[in-house]
Structures are given as structure tokens and as C-alpha cells.
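Student: The chain contents come next:
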Amino acid sequence: SDLPADPGAAPSQAPGESTGQSEFFDQAEYERQLALRDATPEGPADRPWEQALEPEMVDTAQYRKDGPYEICFSNASVDNPWRQVGYKTMQAEADLHDEIAQFRVLDAEAKDDKQISDIASLTSQDCDALIVSPNTTATLTPAVESACDSGIPVIVFDRGVNTDCPVTFIHPIGGYAFGATAAEFLSEQVGEGGKVLGLRVLPGVDVLEHRWAAAEREFADSGVQVVGAEFTENDSATAKSIVSDYLQREGQIDGIWMDDGTAAVAVLEAFEDAGMEPPAISGEDQQQFLQKWKDEGLTALAPTYPTYQWRTPVIAALKILRGEQVPSEWILPQPVIDDSNLDRYLTAGMPPLHYGLCGCQEMPGFPQRWQ
Amino acid sequence: MVVTGLTDEAPLVRMRGIGKQFLGNAVLRDVDLDLRPGEVHALVGENGAGKSTLMKILAGVHRPDAGSVELGGSEVAFGSPREAQAAGISIVHQEFNLLGDRTVAENVYLGREPVRRGQVDRRRMEADTAELLDGLGERGISPRTPVRRLAVAQRQVVEIVKALSTDARVLAMDEPTAALADHEVELLYGLVKRLRERGIAILYVSHRLREVFDLSQRITVLKDGELVTSKATAELTPDQLVRHMVGRPLDALFPDRAAEPETGAVRLAVRGGGNARLAGIDLELRAGEIVGLAGLQGAGRSAVARAICGVDPFTTGTLELDGRPVTIGSPRAAIRHGIAFVTEDRKGDGLALRQSVRDNALLVRRAAFGRARGLGALDLAALLRSVTLVARGPDQEVRYLSGGNQQKVVLAKWLAVEPHVLVVDEPTRGIDVGAKKAVYDLLRGLARGGVAILMISSELPELIGMSDRVLVMHEGRLAGELPAGPSEEAVMTLATGHATVEAA
Amino acid sequence: MMAAAPAVATRPAQRLSRVLQPTVVVYLALVLLLIAGSILVGVRGGVLLDQGGILNILTRSTALGLVAIGQTMVILTGKLDLSVAYLIGLCSLIGAETMAGDPGMIVPAVLLTLACAAGVGLVNGLVITKLKVNAFIATLGTALVIRGYLESAYSGPAGEVPRAFQHLGYARIGPIPVSALLMVALAALAWWYLMRTKGGYHVYAVGGDEEVARFSGIRTDRTIIKVHVLCAVAAGLAGLFLASRLGSGAPWVGVDAGYDLESIAAVVLGGTLLAGGRGGVAGTIGGVLILATLDTIFDDLGVTPFFKDVVRGAVLIIAVALYARRRGVLR
Amino acid sequence: MTETLPTSRKSRRVRLADGTGPVLAVLAVLLVALAFAGPAYSEPAGYLALLKRAAPLMILAIGQYFVIVSGGFDLSVGSLVTAEVVIAARLIDGDEGATVWVIPLLLVTGALVGLVNGLITTRLLVPSFIVTLGMLLVLDGAVFLWTGGSPRGALSEAFRVVGREGFEVPLLGAVPWSVLLLAALVVAAVLFMRGGTGRMLVAIGDNETSVRLGGGRVERLRTLAFVLSGVSAAIAAILLGGFAGVSAQVGDGLEFRVITAVVLGGVVLGGGRGSVVAAMAGALTLEALFSLLNLLGVAGGLESAVQGVIIIAAVAYASVGRIPFRTRRST
Ligand SMILES: Nc1ncnc2c1ncn2[C@@H]1O[C@H](COP(=O)(O)OP(=O)(O)OP(=O)(O)O)[C@@H](O)[C@H]1O
Ligand SMILES: Nc1ncnc2c1ncn2[C@@H]1O[C@H](COP(=O)(O)OP(=O)(O)OP(=O)(O)O)[C@@H](O)[C@H]1O
Ligand SMILES: [Mg+2]
Ligand SMILES: [Mg+2]
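Protein chains in written order, with the numbering used here: chain A, 1 to 371; chain B, 1 to 504; chain C, 1 to 331; chain D, 1 to 331.
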């Protein structure tokens, strides 16, 4: 049987996770993330994808190996611009290193079941290291465990898994920090009793759930009135319609909280089209939003979930194969874009759905490769 | 299940005061009908008189709104054809009820497959079907052939076999011979006699009066949904019957022939025409004449019609219209050259059933000519009157018309394009005497107006009565030509391939 | 007595058509694909049909195969079921939550899941037959209702499948996963049902022409309801299988994989007529294997998912065009 | 049942209303409910906004109607809309001058995709469900293969005018351009359906053979329906892209939504019955329903469940209730 060994007494819960019909809220993790926002990262300041927050280093001598290496990657999907930008960045990173002889990728097309077979299939080939970006936390845990059992170093990033068998788990601070940062900004802008509308992508993705859970809490604490929380499925037209409806219903909305910036521009247009002033808004580091922000001098903030984290797994894999220490949980800093640093992340000529925090500006082939 | 001892006094089926409405229209009013074992009971009437409806009520397809049905003395109310079948009532529908993709045996036993140890007993099913087919004298049909591959007549045989296979006590046949050629009708006669001897009660609907008199012991006439009369066949003459049906005496069924057909210009000429189904077809149609095309079922009559009209075009030979050679590779080309084609399968090929009478009547005009129609204005009302259509109005959906009236709509849509050459394949299939006469008059009128007509019919008397010349086909070739008014024997001799006569 | 010699004339034609059955064509295509794939992968220095490759193809085929078996029956009656994708997610959740990690609950959970699935199928069937709603709309409606429930009640994977049950998803004999064997066994059962039993005959009859079937005394409504229930149960099994693979129930597992349209594609690829009345389970399994093989080949070749979509779409159209051609020729 | 006679005024009206009744009733109820639920709907501006939002779906419904009534399906419109928006963004890339040639190019692209759908359906005899399903996959893959995974470029202001802006009319206030465009298309569609070609499309959906034997160019007409559907998708894409800007998700799920809308309007899947006005009314009804649910604050999950129940109920009412409905009309 390919059934992974029984995790038995192994800790079944990674931080920030809860099973069951999730009330996606974990007090301890929430507090940890809020605190991490103020921690000072270790590592080169100009290369945030190599930085780590409060790292606990682990020894990787056991994985030490001579190159050239074959590095394998099981990707959840490339079905949205964020993953597209990230994936391109990751490939560029892999190209930087001559010691990587082959970078083998299987794309699961957002199917949990396929990713399970993909991982099994990659494990059975001669990969020197396996990078996994899981499609769903809970359901991919067994597959990742069985990959760990095969003895190759496993690196997980973005969404986590419910096991600590991977050598390192790479992720930015997290959803709570993202949601809370945005919510704090909006609370400040709209004041007590101000009306905020939450626009979410879809239910059921833990990272996204965390964002809203933190925001809800923050809004409640500061007495902001949340007039609604709607799912837009990332569709600008849906988002715009929803906002128009809310403007009709509420008459006025002071702030827009978004857990994904894709539709931010359309949302702002809904205000324009209704002849209203743009509200305070929290978006993401997406090109078209940043551009509009700059052009129109919006009251805005962009907490990020940086795409540069796609570089880190490759770097980590090489470190591990060289036997260098890596953090067991590699927490990347999660910069916030505000008026002061907006210009730094805005590169003219990038596609509308490009992500400013790709960390790719200095890579060979920039900007054509990302255009 | 034997009934031989029963006498005339004990009807097996007793229908009383049957009434039925469709969409608020009464199509049957207070109709009584008795069926006795061992009796063939003919049900006749004009198109739309309600014959099929009455039959369907008996067979559990429709429920009556009023009245009662008794079977063997006790009242029954069938909710579905299945229940009726279980009670021993079986029906051969006017329209085909077969599955093209299933085999003959599977169709015959559809819904009643014999089961052995949880599995369908295919072998028994096929053996029994073969036996039933044998009993009908049909050796040409294998129980394992998919029905899709059978010709129309063979499908009709399968329909009858299907009805027989249920061991029915009562068999209702709705125009079973409409698609049969005469020699097949003979077979059916024999079959019906044998069934009668077995004590089966048969309800028989037909527009062919000869069959009615040949087969039945009793005749019931319906008109506009009401019972006109029900009499022993012996007490009626054909003339009386027609008067009952139509409500008036009908003078000569066939209109006078053209005075001098040979004088018309040659409208259409085929020389050496051939394709996969045909070879060496030479024929000429002159303006003003009606040429009959006779032959046994499967002889290729329809194939000739389809070839002339571009459906399955000739692949060899030449075709001339008004002396000019033309190529006709599609129905559209044919129509634009003034050739119209009334097909034999009106439900399948002829009508868009869910569209209105108007849309169907205008269909060919619109389809073939579009905007730039080189045609004069059309008086729809006059057109519909000319085919004596009975409908609630031009907006009625065609599917709610009776079979005969549907056929008239088909004719109407072809007349709407004012053709020079008219090819009619079984134009009177399933229509009543009155309507038949109307169609005959119509065709003759068109011929007088200069249209060249090629008429195919499996009803020999009709073909002989109408044609100015008769061409006879045998196995995909023309076997010969006969002048106006040939004897049935002459036609059959050629058709069965017993003689070849050089074309005149 | 079964004599009836006349069949002689038609025999060669029958034999020809039997040889050219879509089923045969499908498996021929599969073999060709495997050969071509092996060569392509070989050129890039890999092996397509090694242990891992076979395992991959079969594992990938299992869930889709299960759904497609059910979908075949529905399509044979001339209907289709668009609710399977959401139903799979629902069933994985019902199964996993009822088991809640307790091996003792496996049997009750499986029964409960299949009962719920059957219930959904029953609703589909009743809506189609009694309310006379077109199957497309009826099952789309059911899908929306299930989706609504999933959206409001779940925000992620839930429930836990005991280890014992996970063996269903992972156990294998050599390169052959046990679950794939079970899927094939189910296909065989479905094949027997369709080809040999009265109920199966009626499925084809209803698909051939519902009216004719009804006039012939077949309870068409029952047949339609039955295939919808069977299809839903097959989707339920797929849900359980996925739960055993994933270790828990996942609301969107069926939707993300697009099992609704993909199962229809597999069935049609397998030579079943979308209009009903012709085709069968054997072809469907071939269709599923072709799709899985294509995926595996593309993975081995490192092709982007976008390109995969293009090829899948083209293969689907070309395959069905070929069937249509062939049918035209034989007629 | 005895008069043979002609075109009375009354009967003409009956034909126009055929199948339109139920959906108009539902629509009326929804519009009234909207007026009670939201203050915005007490004046024309509210309804104009609704029309503006509904315009893309209604235009898609026109195109889909042509395909459905002639007996087909077009599942490719959703991905075609996405593709068109992505293509527009990449080609225009913020250059106002490019708008002039990009818009015609989009219309041509839509027509081409429709042409391919139509040609494969009619010449290769592949069921349109499969052709357009394949096309859906191909378009989904191809357009992102071309742009490298996500949209690139940007739309110009000029491009966005039709979808986003309006013009002042004395009594009504600002009338969106899209509403004007919609009105023009509605008139065009109605006239088209009254003409010979339109009636032929319906007749083809009813009985293809009768049209072919009647000299109609069935293949061309059916292809035309697909072309019109493709063009309608292009127009919808121009409106949607104009309304909300570039997005990789614009077209997601539109194919099912528009088919739902058309069926909701009483158009029968399989062809041969239904009016284009009713199809558009179906689309408007659907959008009004979404707006109402939103105004009432019905949560996401419940929204799709309600939608599911309503489409089943509406179609069930239309088919089970059709006969009594017709009776009342015809007496
Ligand atoms: N399902 C139905 N719905 C509505 N009207 C119907 C239906 N079936 C039959 N009718 C109408 O009932 C009347 C009687 O039809 P029926 O088919 O019984 O006539 P018929 O005597 O068999 O005619 P024919 O000789 O042409 O077959 C016709 O006016 C027909 O239009
Ligand atoms: N060998 C064949 N090849 C192709 N089609 C056939 C063949 N035999 C029969 N058909 C089809 O079956 C249908 C009915 O066949 P049938 O034998 O009645 O035609 P026919 O011989 O042309 O006409 P008729 O019986 O009027 O002389 C026709 O539409 C014909 O196309
Ligand atoms: Mg009749
Ligand atoms: Mg014939």
C-alpha cells in the first residue's frame, strides 16, 4: 500500500489550523502573527525572500548531496494571476542556479486527488528535493507525509500541511496579519460607526479565511459597522455589481476591505460611476490597483501576500542539499504598501494583474519575462 | 385464453358513450363500439374523425373524459398502454413505434423481454420472433437486424409482429397497410383471417375501402367525432359507406384524364440515370401529364423520386429540364429549378410538427428562395382552401392536426412555390376518401395548368385511375411502360419481373 | 427453430459493424496513444509505462471512471447529470464526517453516504419525470442547491477518514490500485446490467425513443429515475473514494476537478451517443483511460496546463467527429 | 374545429405570446418586489441600472436563443467572453487609438469562433454540446497560452464607454449606452425572428429534414446561429470589459447562466419552440432575481440554492402548466 505511515503521536495540527467545520480562528496564532508584524527579520535587507522572522534553524546535514541537482515541484495550480506571477518568478529563480540540472514540475490543476498522485509520482522518481505548494491543507497532508517518508527533503510553501515532517515550511506571516493590518487601517480611516464592506474571494481557502477572521475581530473591536461581506469569486463585474447594490442599499460606504486586490479597481469604479468619492480601501500589490492609487491619490493601503515567496523554496532546497541550516518554519516578512513606499513597488509597463512584490525586479529577463 | 365458444351476443369489448376533448375541443362525442371475438370490426371516417383517438383510448394511451370501457363484462380503466396490454389489448399505431438502433427481436419484445435467471433470454426472444415472422411469411427479416436497416414495409411487418407477440385477445390496427404494397397487403389478409380464426377481436382502421369490405364483418363510421352508423358489412355497399363518411354521395373518384397528354412539351427528361440504388433510368415527363410510377415495395420508386429531386442525386446519366441539361445536386437546386417533392414520410421528412400551419405552408418558399424570391405574392388562405385543409386556423400547430390534414399541409407547402415538375411519393397515404378525391382533383388541376407530375403510389387502383402513363419498376430499373388505364395484372407482371416490355 | 436462414445476407455487414464498434475504436485509439506517448516520453528520456506510469494512469482514472459509469447510464437514456460534481463533494463530506476517524463507523458511513446520494438522484429523477423539467436544467438546479448548502455549511475540508478506510484509496497489487480494480468491477456490473438485464434493455429503449418505449409498455419514468439514482450512487462512490484518498471530506473536490463536464466528455469520447440509445460502459472506461493517459503523457512531457486544455478540447471534438463519420459510412 | 381561415389579428397576438407569459409574470413580480425592497427602484434610474447590469446576459441570451431554438447548445460563450476581454486588453494595451480596430476585430473573432463551432457541428456531425464543450476547453487554454497565463495590457477609456457610461435623457436621467445598444439589438432580434430566416431557424430545431428537403440550407442556417451566438458573446464581452475592466474571470459560468436564462424564458432545449423576447426576459428575470436576493441580504450560499430552486420551479411550471395555459389562450 502507498498509504503513508500512521502519523501516530505526531503533532496532528500545524499552527493556525483547526479541523472540522472550521470557525477559522485560532487565538494563539492570531496573536503570534500580529506580533510578528513588528519583529525584525534576519537576513539580507534587500532580499526579503531570503529573510526570516524569528527562525528556529534546523540541521540539514543528512540531506547533503553533491550537485547537479534535480529539483521537483508539485504545484497546486496556475489558475490565477498571483500563482502565475509566482510561478514565473520561481522558474526564473531556478534558472539562476546552474547546479539545478533539472527543475521538474507537475501541475495539479487545482485537483487534490491529482496532486496526491503527482506527489507520489515525483517521490518515486529520482528527485533530490521536493517542493510542494499544496492545493488544500488538510487533504494533502497524507501525501506530503508519505513523501517525507521516502527520505528526500520536502519543502512546503504558501498553504501549509498538518504535519511538521517537511524540512521547512515557507510562508509569509499569514492571513491574520494581512487581514488585521488592512482592518486597522480602515478602522482608523472610517472611525467608529463608519461603514465598511468586506469583499472576499471565495469561502473555504484557509489563508483567505484567516484574513477575514482577523478583520472581523478588528472591526468589532473598533466599533466599525460591517455592512456586509460578500464573495466576488475574483470577478470584477460581480464585485462592481455588489458594490453598486450596496451603495444603493446603504447610501454610503466609507471603507472597502478586500482580501484580494484583483477587483479593487472595479470596486473603485463603482463609486465613480455612482458619482461618489472613492472610499478608503485596502487592496493588494496588484499593478492596476497601485497605478490607480498613484494616479488618483487614493486613501489606500496594500497589505501583501508577497509573490516573492516563490523564490524561497528553490533557495531553501539548494541550502538543504548543501547541508546548510534552514529555519524549520521559514516566515517571510510581509511588507505593507502605503503612500510612502508606493513608488518602490510600481513598475510602469507591467500587466494589470502583475504583483509588485514579486521580488523579480532584479532578475535576468525582467521585465519581459513577466509581461 | 380461448374464446371460440362465444357467440355474437357477448361482445369482448364494449365501449359506451366515449367522449374525449383535446385542448377544449371535443374530438369524440358519445361514441359506442362493440368488439366481438373472432370479428374484424372496421372503423372508418374522414381524417380527424377521431378513429385513432378512439383506438388509443381502447389501448390505454389516452383516458376518456366520458363513458366507459368494458372488457369481458367488467369495467376497466387503463392508465397506461402497459395495463391495456396486460389485459390483452394490443395496438398497431398509425405512426411507427420502433427503435432504430435495436434489433427486430428487441423491438418485438420491447418492454416484455423474456427473462431467464435474471438475464434477458435473448435466444428465446430471437427464436420466437423468427417464428412469428415465419408465420407471417416474412422470411426476409432477421430477428437480429437493427430496425434502422429495414425498409418501410418491413418495419410495418415488425410492428404487426410486435402487436401479435403479446397474445392479444383484442388487436387494434391503425392503418396497418398504409405503407404496404399490394402483395404485402395480401399477406396481411391471410394473417388477419388466421387471427380471426383464433378468436381474436380485431379493430381495423383503414382508408382503403376495398380492404374494409374484404376483411371486416362489421363497419362503424365516425364523422366529426360522432358515431354515424354501425352496421354489418354485408348490409352496406361501398357507395353507401362513402356517403356515410363524407355526408354526401361522391361522384367519380378519379377526375378525367388529360385530353392529349402527348402534346405537352417535355419538361423533364432523365437519360441513363443511375446511382447506388438505381441503374439505367430513362424517363420523360411532359407538361400536363401525370405519370404513374409503379413497383413493388423496395423496387426503387422512391429512389427515383429522391434522385430527381436531388436528395440522393443520380451519379450517372443526364437530366434535362425544358430541354436544357442541368445538374441537380441538392433539394435546393431541384426546387429552384421548379421541381417539388412530396415525400412519403410526412412525420419524419415533411413537417415541422411544432410549428404553425402557416410556418409549414411557407416553409419551402422561405427555405429555398429566402428574400429574393422569384415568386409572386402568396394568398395563404386561398392556398389552404385549395387543399381543403381543416384546421382551427393558420396558427394551429401542425402536430394537433389529424394525419390526413397534415398531408394536406405538406401538399400546400409545395404548391406555394408553384412548381413546374411535381413528384409525389404516396400522396394519399393515410388520408380519407373525401380528401383523396380532393388531392386527385388538385393534382389533375395542376397538370391541366401545365405541371408535369410523377406520381408514386402503392395503391394500384389509384395509380391506374390517375395516370396518363404508368412506368413500372423492378429491382432498381425500369421494367417497362404501360399506356393509360392498364390492368392490374399487366402492372404486376412487370413489377414482379416476369416480363420486360420495351419502353414505347 | 431459430433457423431463419435469411440472416445470411446481412451477416457480413453485421460483422463489419461489430468490428468497427466505437468500443473497439476507443481501445484501438488508447493503444495507439500509449504507443505514441511511450515514444514521445522515451525521446525525452523517460518511460511512460513503468510502474509509476501505470499506477498514475489507473489512479487518475478511478474517480472519473466511477462518475462516468453512472453518467453513461444517464446519457444512454438521453439525459445528462450536471449535479455530480457538487454531489461528489457532498458525499465525501458525509462519508468523512460520519466516520469521524472511527473504523467502526465505516460501514454505517458508506451506507449513509450512498443513501444520501441515492436521495439526490431520486430528486433529480423525480424532477425530470414528474415535473417534466429538462434534465439539463433539473440537474443544474440540483447542483446549485447542493452548492448553496456546501457554501453555507462548509468552509473547507471536514471530517476524518479512519486509516482502515484510507487503504481503499492507497492499497495496490503491483502497479494496479485496488480501487481501480473495484472501479472496473463496477463497470463490469454496469455492463452486465445494461447488456443483459431487462432493466438495461429499457435504458436503451428509453434513450432510443422515449415515446416508443412508453407506448411499448415500458415504465419510462421509472427507468429514468433509476438511472439517475444509479448515477448519483456512482458519484457517491467517487466521493467516498476521494475521501479515502484525501483523508477527509472536501466540499469542492468534485467541482475543482470539473467532474460534471469531464464525465460527460469521457462518456462521449467512449462512443456513447449524447442523444442516448447507443453506446455503453466499456467504451466509457476506454474514454476515461484515454483522458488519464493523455494527462500522464503531458505531465511526463512537462506541458503547461493551458496547452493540455487545448489538446483535450481538440481530442474530444476530433474523436466524436470520427465516430460520426464512421456512422455515416456504415449507413 | 372547422374554419380553415386566415390570419386573424387575435391569433397573431397569440403567437407572439406563446411561452412568453409565465416568464413575464415572474419578471413582473420580481420588479414589483424590487420596488418594495430597495428605495432605488422607486425611480427609473434603478431600473436602468438593472438593465445595464442585465444587458450583457440579455445579449448573450439572444445569441444563445438562436442556437438553442435551432436545436443546439453553445457552451463556449463563457470562455469566449473571457478570451475576448483578454484579447482586447492585450491588443489595446492602453492605446486609445487602437480601440477603433480592436472592436471590429473582436466581433470578427466572435464570429469566427461561432463559425468554427457551426462548421464542426454541421459538417463533421458532432453534437454541438460536445463541439462547444471542446471549444470551451480550447479557448480557455489557448488564450492564456497566448498571454502567458494571465491577462496583459489594459483597456482604453474609449473601449469602456459603452459598457460603463451613459448619456442624459430629460425624463429618465442618465441612460447607459449599453441599454441603448440592448434596445437596438432587441429590435433587430425580433425583426430577424419574424423574417424568413428566423422562422427557418425554428423550423430546423423542429424538423431539420423537412427544411433540408424543402430546399433550405440547413448547415448554413445552423452555422449562422452559432456565428450570431459568437458575435453576441463578443458584444457581451465589450460590455462586460467596459463595465468592470480586465479580468481573467469575466466569463466564468456565463454559459450555464445564459442557458438557464433562455430556458427560464420558456425556450425548449432541443429546439423548435420559444420566442427571442422570452429568452431575453428570462435573462432579465435572472438578473432581477440576483439583485433582489442581494437587496434582501441573502447570503452567498443561500443565493445559489434559491436560484436552483427557482429555475427548477419555473421550468416545471412552464412544462407542467403549459397545457392549461394554452387552453386558456386558445378558447
Ligand atoms: N394529442 C392531441 N392533442 C390535441 N389534439 C389532438 C391530439 N390527437 C388528436 N387530436 C385531434 O383530434 C382529432 C381526431 O384525431 P384522430 O387522430 O383521432 O383522427 P383520425 O380519425 O385518426 O384521422 P386520420 O384518418 O387522419 O388518422 C383531430 O382533429 C386531431 O387534430
Ligand atoms: N440498400 C439501401 N441502401 C441505402 N438506403 C436504402 C437501402 N434500402 C433501403 N434504403 C432506404 O430505405 C428507405 C425505404 O426503402 P424502400 O425500399 O421503401 O425505398 P425505394 O425502393 O426507393 O422505394 P419504393 O418502395 O417506394 O419503391 C429509403 O428511404 C431508402 O433510402
Ligand atoms: Mg388516425
Ligand atoms: Mg417508397
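I should point out that these hints are in silico values taken from the structure, not numbers from a laboratory. The C-beta atom is built at its ideal place from N, Cα and C for all residues, glycine as well. Just so you know, not all the hints are guaranteed correct.
As the list claims (entries may be wrong) - Where chain A lies over chain C, by a calculated footprint (3+ residues, C-beta under 8 Å):
id, stretch
1, 68-79
2, 147-156
3, 193-205
4, 261-273
To be verified - Ranges of calculated distance between the beta carbons of each label pair, as one might list FRET restraints:
id, chain 1, residue 1, chain 2, residue 2, range
5, A, A274, D, E96, 40 to 46 Å
6, C, G45, A, P367, 32 to 38 Å
7, C, V178, D, F36, 43 to 49 Å
8, C, G101, A, A274, 48 to 54 Å
9, A, D98, C, G42, 25 to 31 Å
10, A, Q102, C, A314, 27 to 33 Å
11, B, A276, D, R194, 39 to 45 Å
12, A, D295, D, L191, 51 to 57 Å
Student: Hints first: check each against the structure and report whether it holds.
Tutor: How the hints compare with the structure:
Only residues whose C-beta sits within less than 8 Å of a C-beta in chain A count toward coverage, and the stretch 68-79 of chain C has 0 of them, not enough to reach three; the restraint is violated. Coverage of a stretch by a chain is defined here by at least three residues with a beta carbon nearer than 8 Å to that chain's beta carbons; for the stretch 147-156 of chain C and chain A the count is 5, and the condition holds. Check on the stretch 193-205 of chain C: 0 of its residues sit with their Cβ under 8 Å from a Cβ of chain A, so the three-residue criterion for coverage is violated. Check result for the stretch 261-273 of chain C against chain A: violated, 0 residues qualifying (beta carbon to beta carbon below 8 Å, three or more required).
At about 25 Å, the beta-carbon gap between A274 (chain A) and E96 (chain D) misses the expected band of 40 to 46 Å. Between G45 (chain C) and P367 (chain A) the beta carbons are some 34 Å apart, a value that agrees with the proposed interval 32 to 38 Å. Between V178 (chain C) and F36 (chain D), the C-beta spacing of about 59 Å breaks the proposed range 43 to 49 Å. Range check, G101 (chain C) to A274 (chain A): about 52 Å between beta-carbon atoms, so the 48 to 54 Å window is met.
Evaluation of the 25 to 31 Å hint for D98 (chain A) and G42 (chain C) yields a pass: the beta carbon distance comes to about 27 Å. One distance hint, 27 to 33 Å for the beta-carbon pair Q102 (chain A) and A314 (chain C), holds here, with the actual separation near 29 Å. Checked against the hint of 39 to 45 Å, the C-beta distance between A276 (chain B) and R194 (chain D) comes to roughly 42 Å, which is consistent with it. For D295 (chain A) and L191 (chain D), the Cβ-Cβ distance of about 45 Å falls outside the hinted range of 51 to 57 Å, so the restraint is violated.
When held up to the earlier numbered hints, the structure conflicts with 1, 3, 4, 5, 7, 12 and fits the remainder.
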